Amino acid sequence: MDKIWVLAEQHDGVPVGVVLELLTAARGFGNVIEVVTWGPSSVSAVTALGQYGAAKVYDVGDIGESLPGPKVAAAMAARISGGDGPDAILIGATHDGRDIAARLSVRLDLPVLTNVVGFDASEGGLTTEHTIFGGSMVLRAVFTGGAPGIFVIRTKSFAAEPVEAAEPPSPEVVAIDVPETGASDAARVVARHEEERSGPKLDEAAVVVSGGRGLGSPDNYALITELAQLLNGAPGASRAIVDAGWVPYAFQVGQTGKTVKPMVYIACGISGATQHMVGMKAAKNIIAINKDQEAPIFAIADLGVVGDVTKVIPRLIEAIKVRR
Amino acid sequence: MNVAVCVKQIPDTADPPALDPRDHTLVREGKLIMDDSDSYGVEMGLQLVEAGGGGEVSLVSMAPNGETTGLRNALAIGAARAILVSDPVLSGSDALGTAKVLAAAMRRLEPDLVLAGTESTDGYTGTTPVQVAELLGWPSVSFAKHIEISDGLLRVQRQTEAGYDEVTCPLPAVVTVTAGVVEPRYPSFKGIMAAKSKPVEEVTVAELGLDPSEVGSAGARQQVISVEAVEARKAGEIVVDQGDAHERVISFLQQLKIL
Ligand SMILES: Cc1cc2nc3c(=O)[nH]c(=O)nc-3n(C[C@H](O)[C@H](O)[C@H](O)COP(=O)(O)OP(=O)(O)OC[C@H]3O[C@@H](n4cnc5c(N)ncnc54)[C@H](O)[C@@H]3O)c2cc1C
Ligand SMILES: Nc1ncnc2c1ncn2[C@@H]1O[C@H](COP(=O)(O)O)[C@@H](O)[C@H]1O
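Each protein sequence line maps, in turn, to chains E and R. Under my numbering, the first residue of the first sequence is numbered 76, with each subsequent residue one higher. Under my numbering, the first residue of the second sequence is numbered 199, with each subsequent residue one higher.
Think of the hints as simulated: they come from the structure by calculation, not from any bench. The structure displayed is predicted, hence computed values, not measured ones. Errors might be hidden in some of the hints.
[Claimed, not checked] Here are the simulated lysine to any residue pairs, SDA-like style, with alpha carbons at most 25 Å apart:
| id | chain 1 | residue 1 | chain 2 | residue 2 |
| --- | --- | --- | --- | --- |
| 1 | E | K231 | E | Q85 |
| 2 | R | K455 | E | E393 |
| 3 | E | K359 | R | A430 |
| 4 | R | K455 | E | G274 |
| 5 | R | K432 | R | D213 |
Bound conformation, chain R alone:
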């Protein structure tokens, strides 16, 4: 079984995020890292392929500037290859534009299963993977917290607001995984060395047969008027516990008539 994992490369979350003041798009300069939310998909993919006895994990990533550093770690822990869709026209893509690009890449790869994160750390629209599924005409199961495959049928525990549903789904399919489904493994030294020679195929929008007007900022159809900091709540009273801080909590709750 072949699994394709969507991995987004994002600015290092340790750096404060920034917007371009001219067009209000996210600044994506400098080094990108793999979104933590996607490390679970990579690990899940590796485990499913190992359990299924054959096949491989491919990575699919879209980034405007030919960035691959965010893919290396995933290659080092066992992914076999990557497709990087990189093209200047992709700058400013929204979720639908991104989904069109990812779906086109999937048509090239023809995987049995596509894994993605439930939502990315920087954009968190949470719609891209299911848009990919609809573009491919495939079923999808979002918010998976557990995945098994037997006889070509997926068995997924899907988180719901109240608990979870058990869902079955034939392949091919798109599944989004929540954080915590699996514990991503660490790369070994051997893995890091091997990753250097794994194939990373760079393709352009034209090579995927897409019309540039459908993707990038041309496709986004949203005009940003302003971006402002949310009015911050103010810090209140701070007490350092000397064995009696609970009394201050009690009097606070009394003032609010909770006690």
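Chain E extracted, bound-state conformation:
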């Protein structure tokens, strides 16, 4: 492949993790790697993007209170119809990434290929690997629709590695215009709220302790928080308890939540639905505590404890405290 674009979502000038993963992956099969970014501090991200292989940064600039979808997709589509188009566009499966991919797809009248977890360029063309059926099967496919292929890639599918060079390349920055987007861009962000979290980030922590419906009550989630803290890890959750309002969505692990790859994942009172497992089964080690010996989570656990979480976890917490 000659030219690859990576969508470079960043917040306050820091590219989100999946962008660095995709730049690393793109280096494996692209000759020229360029990125598209936006936001008030977009220029602060340029150095980091260069360190991971971006040769050029297309900057949409500040989009104000707009949601990114309409403006960023319109700017990309205009650049592509102007003749600067790439052979493939790699987009991380974030909320904004999916919106941009969807709108770009309509503007270019090209499909979006989603749930990508791997690329293979060894036989000339680009073969993509997609997870289907909640991550239980992998489908390999080639895109036959001409350039560019639009790919939405699941986070943590690739490890991020900077370019090995004494002098990190400094990418050329090119401002790109946003054409008229009309009514499609009428939504406005009027306030932003971030959940307060202390300790390591869920998708970066070496230890993740997650709780599910088996905790029995929202109050028992305190056990998860305490155990995570003692292990210097991050607390996570199944969707069942996020939907029930016990913990915020930012805690959710799984298909629609975060993908984690910690050294140890401790699943407490979680049954192990495919949509949960797809977000954590790449953990190096898995410990599961569940009172039902038949729970699917035990099929992938390195250590399975058949027991009551409300009894096992307090004893575990006490034993760890005694050791300190």
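The hints should help you fit chain R with the ligands onto chain E, whose structure is shown.
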């Protein structure tokens, strides 16, 4: 205010999913059920219409084989009508093809608001609704966890990876709702009986004015090479707690130098 809710009918999730070995498309035989992910949109639509004092909820569904069983429950809890786009040429449609069909149906219905799920249970591309919005030239707000409407303006709490954003948006618009936004109600006996006589309009691709080459497998532009099971992780040691299982967890964590 009139709300249209996109509802996907999918094979029963209790049955193991299957692919057609010839063309690797999802097998959609047998009874279909309404995707659970869409039950929240239906309930949200009903609540918004009730709060707005007037209007109705319509369902829009695309399915290749004239299936309506997955719509009955939504009609039984209060949706007024349904449009079912059904046509053999729709088999093998991808998200963009599906979006073209749904957008064409929306042009017929002219709703004030379109609700959809953030992602379907079987396909989970998560792009279809925003593609519908772009095709209609409408704004969209994805990942809504709370929706209110006042003076014709939507106020949405949109989940983000770190928390949530408060977003305002004029109508008409497309909003995708996450699971858990609302608790879907159960149908009453009266509702189930009433659903039997509610109108379900079946339309074809041609009736929507679409070119068959744009939808179905003809539009999908992806050639499947292989489908394989993911290599499964193996189960490890199992201990049954007799009051001392935490000690085994401790020694496991010690081996990993976590403790
Ligand atoms: C499109 C789609 C996307 C989804 N995305 C996600 C996602 O991102 N993340 C996710 O997690 N889920 C997701 N789900 C939901 C998923 O299918 C499951 O419903 C969910 O993961 C179940 O959560 P749970 O394991 O906490 O609850 P349950 O399945 O109810 O399991 C609770 C477990 O706790 C055990 N238990 C009960 N009491 C105790 C006790 N005292 N001690 C020990 N164990 C006990 C039970 O044996 C049971 O195994 C998604 C579903 C769909 C359709
Ligand atoms: N065939 C369909 N009929 C009606 N709605 C659909 C269809 N496919 C997708 N949708 C809607 O789009 C949402 C996201 O689906 P997907 O893009 O498949 O993840 C679903 O939750 C539905 O609301």
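Verification of the hints:
A distance of roughly 16 Å separates the Cα atoms of E:K231 and E:Q85; the hinted pair therefore holds under the 25 Å criterion. With a C-alpha separation of about 19 Å, the suggested pairing of R:K455 with E:E393 holds against the 25 Å cut-off. About 14 Å separates the Cα atoms of E:K359 and R:A430, which keeps this hinted pair within 25 Å; it holds. Between R:K455 and E:G274 the alpha-carbon distance is near 19 Å, which keeps this suggested pair within the 25 Å criterion.
Only pairs whose Cα atoms come within 25 Å are accepted, and R:K432 paired with R:D213 is accepted, the gap being roughly 24 Å.
Of the numbered hints given earlier, the model fails none.
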